[in-house]
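> Chains A and B, in that order, give the protein sequences.
Okay, so the first sequence: first residue is 1 according to this note's numbering, each after it adds one.
Okay, so the second sequence: first residue is 97 according to this note's numbering, each after it adds one.
One or more of the hints may lead you astray.
[As the list claims (entries may be wrong)] Which residues of chain B face chain A? A few of them, derived with a C-beta cut under 10 Å, are:
| # | residue |
| --- | --- |
| 1 | Trp99 |
| 2 | Lys116 |
| 3 | Asn148 |
| 4 | Val152 |
| 5 | Pro180 |
| 6 | Glu192 |
| 7 | Ser227 |
| 8 | Gly237 |
| 9 | Ala383 |
| 10 | Ala387 |
| 11 | Ile388 |
[Said to hold, decoys possible] Computed spacing ranges between beta-carbons, pair by pair:
| # | chain 1 | residue 1 | chain 2 | residue 2 | range |
| --- | --- | --- | --- | --- | --- |
| 12 | B | Glu230 | A | Ala25 | 55 to 63 Å |
| 13 | A | Gln93 | B | Gly126 | 24 to 32 Å |
| 14 | A | Ile50 | B | Leu144 | 25 to 33 Å |
| 15 | B | Tyr412 | A | Ala16 | 54 to 62 Å |
| 16 | A | Ala81 | B | Gly214 | 39 to 47 Å |
| 17 | A | Ile50 | B | His200 | 40 to 48 Å |
None of these hints come from the bench; they were simulated from the model.
In this text the structure is predicted, and so the values were computed from the model without any measurement.
Note that beta-carbon positions come from the ideal geometry of N, C-alpha and C, so glycine has one too.
Below, each chain spelled out in residue letters.
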Amino acid sequence: MAAITIDEVKKVANLARLAVSDENACEYASSLSNILVLADQLEAIDTQGIIPMANPHDAIQRLREDTVTETNHRDEYQQIAPEVEDGLYLVPQVID
Amino acid sequence: MEWEIVIGLEIHAQLATQSKIFSGSSTAYGAEPNTQANLVDLAMPGVLPVLNKKAVEFGVKLGLALDAEIGKRSVFARKNYFYPDLPKGYQISQFELPIVGKGHLDIELEDGTVKRIGITRAHLEEDAGKSVHEGFVSQSGIDLNRASTPLLEIVSEPDIRSAKEAVAYVKKLHSLVRYLGICDGNMQEGSFRCDVNVSVHKPNTPFGTRVEIKNLNSFRFIERAINYEVQRQIDLNLEGKKDQIVQETVLFDPDKGETRSMRSKEDANDYRYFPDPDLLPVMVTDAEIEAIRATLPELPDTKKARFISEYGLSTYDAGLLVQSRDEAEYFETVAKSTGDAKLAANWMNGEVAARLNRAELEFEQLPIKADDLVGLLKRIQDNTISNKIAKDVFEAMWNGEGTADSIIEVKGLVQITDTGAIEAIIDEIIAANPKQVAEYRSGKDKMFGFFVGQAMKASKGKANPATLNDLLKQKLAG
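Same shape as in the complex, but just chain B (with noise of 0.2 Å):
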């Protein structure tokens, strides 16, 4: 019998506001060290938290998108361990009585179908400082910019089963707290932080032990630590070793490509919760529920229903359109500017995809304008150059060589389609290979691509290819 794979996700997302949780510092991402933390974020004796109110806001936001229980009476406790990067002991944070209670997420499997996974909670809390150990002997540095910035964090029900359905899941989470403007998603900054729960287990037998793999900060890691996580608790388990799997958590070591033990669990796992004091409880009303619903933009899922239908787009290129919001609008404006949604999507998902990729950059980086792309591919709609000489095109305006209109002008790009001029080209060709020309009227139809590259290479690929086709087709025929 195969083994199956347990996962559940722990999201700690920081939240988008211009101060922290509890304070009125800065959360300006790489100021100088403690230049941003304030009395409160450092624990002085007698500092009061305040809450922020945006923080709040983000927080039903995002129960709303996940269709989640919203936690109209919220409680802040305090959850105690000891790091001298928490300088107050304590972290604050909500236990009993989170901002959003039980919701779901809908991921989309490889195979195209849809799976629901269930969302325990997602709870308010300040984020620690940073420990530098780099560069001091026998001390290490603390770095408190970063105490008290506001986290949203996101955890799943053990609904996963593979590391494909977790990426596919840290995904569109990923893409959702960025479409509602709550979260950054700058997961090499730290924005937007994943931990994975991992056990394995025989169907109809009880869950394994669980190994918790922290702080992983992109999503090809998150595929690679859980895969090698797997692997060592399916081979422990059958090397009759099952007790060597602990509840524990590891650190991904993305060097070794391993996953390494960090801490025990038992010590840290006696948080002593209690609410704190400091703080009464968040009262959110109807009202303020239903204003945060107003203010929500359109969602990935619905706006790829709405591209699929009004656009006539595939269910996969509609996926891929919608992952982020400003690609999307970017698409939306192509495709009215143009006329031609398919067009549209097929140079987005092509080219646009692909020089991005290379490039290894966001689509939030691309270097083109939806308009400028528009003008290229009006110019391919009004045969003033073809797809071919698009995408040479198309990478001069990526290197900022200007608009595709001035490209096409400067490089002497026009496509031709004086039919004159391509009979002139065609009857050069077949004057200079008489050979090919007897073989293919003898009936070896394939030397017609033969024709088709000389012709379009004498013009320098500035040839219509449908002209040419046509021309050429009748010049051979005799």
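So that you can see chain A by itself, here it is in the shape it has in the complex (with noise of 0.2 Å):
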């Protein structure tokens, strides 16, 4: 079974902008590698023919028709933004 390295740990955390500290990522490496051994009892199971799963429920997708619903409520959503200025939601500077 594979078991996940601190470092893992740290690449994803660094992927979803998560602020992980050393102590945390050597018990989060520890706690996924668990997860994995967990999932790992599925490789005992013969999964040929067998479609993998999208969904635990078993139904399909509900389409909705082509119409604007929805009104304007800028104003009320905006105000429980950090900063907001001409509309536009601030964010700290992101450079590509």
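Reconstruct the complex from the two isolated chains, following the hints.
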């Protein structure tokens, strides 16, 4: 079974922009590895010809008619935003 | 040995739905920032995406037009990456089971041969918002109006071998989505965006490292960006710096005519896709597929073949006329009403196309209605005006001066077909130019053009050319 390393935890944390301390990274690595141990039990099952499950509900997607049902509520939504200007939500600078 | 260029394209077509793919917000372009972003688009906790039926229909429509496998069971997945204009932290897309599978699109090359380009897949996904970087100090502004706008990402096989082929492919697909009415094709507004993957290698060796050029918003830029990137890669190869070609995303700068690195793909490639638990599998039945097939319009290739057989047009003329559905319909109206398809095609691919080009307008913006062009061509057919005068009348029509008939009347452009009047003009010219007459009669045939020119000038271009020629020949013969 594949154990999760501390480096992998840090890499995923970075991708998700989560601040994970070294101490926590060590703990997460072992917790996540344990989850994989659980999942590894599936390896023992013959899954030949079984369609991978996309959703636990045995149902299909309900579709919406293509009509505009929403109106402008910008002012209400922006009341909880930390900072707005000219209708834009402001965030720390992002540079490509 | 020559370098072989390998190109694959990813095209994002914004679907022409009224509402977003997963919410009831409007998709109209150009609204005030964030006035079309509701709680689902803003990714507030507890909201659920509900799929737009039209977006699925449009996906199937394109699949049928590309002769592709239709995903009867397609699944939405989360594509995880961090960016502020993507408030959920993931984009809802399709990964393993897209709505459209393998298909193909035939393009015509410059020499007239047809090349088949493989389509790998096309999948439904939501667009992200927009970031505004100008005008802020150490901050960025986020507009989420575009967030959750439906997109169809159409991925080609790496079958394209030159910049010209790439442009032909993009133009064909652009024409197709507009025929189908699933995308307005507006490249300026970003409704039809192109990412190009380019690599070079020697034939019979493995493909080179590919570089992705992002967001090319005109046909011309696509060609220029590819040519620049190809040359850059060949130069690096020749200089022995092949390892400097890295898998990355670059942006084309049209002002400088070069590509520049945007971000390394290493991080970005790790999207950690998994099925989105908020959405159930999408099922499309055979009956639904057939119902959608029944709504398909006549597509460009079929129309082109019909124009050639039904109207006797050349492959070239037919190819130009079917590029847009509006133009093809316009042509048919003019061809049928005048009963002269060749005349209609000549005018549309000649004068009309040249005038549009000069004004930098699309066919859809042509200020002259089909019936009005018919009015003009009928006056050529009944010899009221010559083809040359017709061009002046056309220009006046373009400028909104009225119908062909009213312009001909107001400007007194009716062609002179009365032989007596033309004879009188010729007599005057012969009398005024004895030297030239003598030269012509002594065998200098070229002088004939001089007399035609003088007579046309004297008649202000209104003499019927055929009648003038006949009479001039008789009179000059003495």
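> Now, for every hint given, state plainly whether the structure supports it.
A quick look at each hint next to the structure:
The beta carbon of Trp99/B comes no nearer than 30 Å to any beta carbon in chain A, farther than 10 Å, and the hint placing it at the interface is violated. For Lys116/B, the interface hint holds, since its Cβ comes within 10 Å of a Cβ in chain A; the closest pair sits about 9 Å apart. Taking 10 Å as the C-beta cut-off, the interface hint given for Asn148/B holds, the closest approach to chain A being about 5 Å. Nearest Cβ of chain A to the Cβ of Val152/B: about 7 Å, under the 10 Å cut. The hint holds.
Interface hint status for Pro180/B: upheld, as the beta-carbon distance to the closest one in chain A is roughly 4 Å, under 10 Å. For the restraint placing Glu192/B at the interface with chain A, the shortest Cβ-Cβ distance is roughly 8 Å, inside the 10 Å limit, so the hint holds. Checking Ser227/B against chain A by beta carbon gives a least distance of about 6 Å; that is within 10 Å, so the hint holds. Because the smallest distance between the Cβ of Gly237/B and any Cβ of chain A comes to about 3 Å, under 10 Å, the interface hint for this residue holds.
Restraint check, Ala383/B versus chain A: the minimum CB separation of about 15 Å is more than 10 Å; hint violated. Because the beta carbon of Ala387/B sits about 14 Å from the nearest beta carbon in chain A, more than 10 Å, this interface hint is broken. Annotation: Ile388/B was flagged as interfacial toward chain A, and the flag is violated, the nearest CB pair being 13 Å apart, outside 10 Å. At roughly 38 Å, the beta carbons of Glu230/B and Ala25/A sit outside the given window of 55 to 63 Å.
Distance hint check for Gln93/A and Gly126/B: the Cβ-Cβ separation is about 26 Å, which falls inside the suggested range of 24 to 32 Å. Taken as a hint, the range 25 to 33 Å holds for the pair Ile50/A and Leu144/B, whose Cβ atoms sit roughly 28 Å apart. Against the hinted window of 54 to 62 Å, the Cβ-Cβ separation of Tyr412/B and Ala16/A comes to about 55 Å, which satisfies the hint. For the hinted restraint 39 to 47 Å between Ala81/A and Gly214/B, the CB-CB distance of approximately 46 Å keeps it satisfied.
Under the hint 40 to 48 Å, the C-beta atoms of Ile50/A and His200/B, about 31 Å apart, miss the expected range.
Hints 1, 9, 10, 11, 12 and 17 from the list above are not met by this structure, while the remaining hints are.
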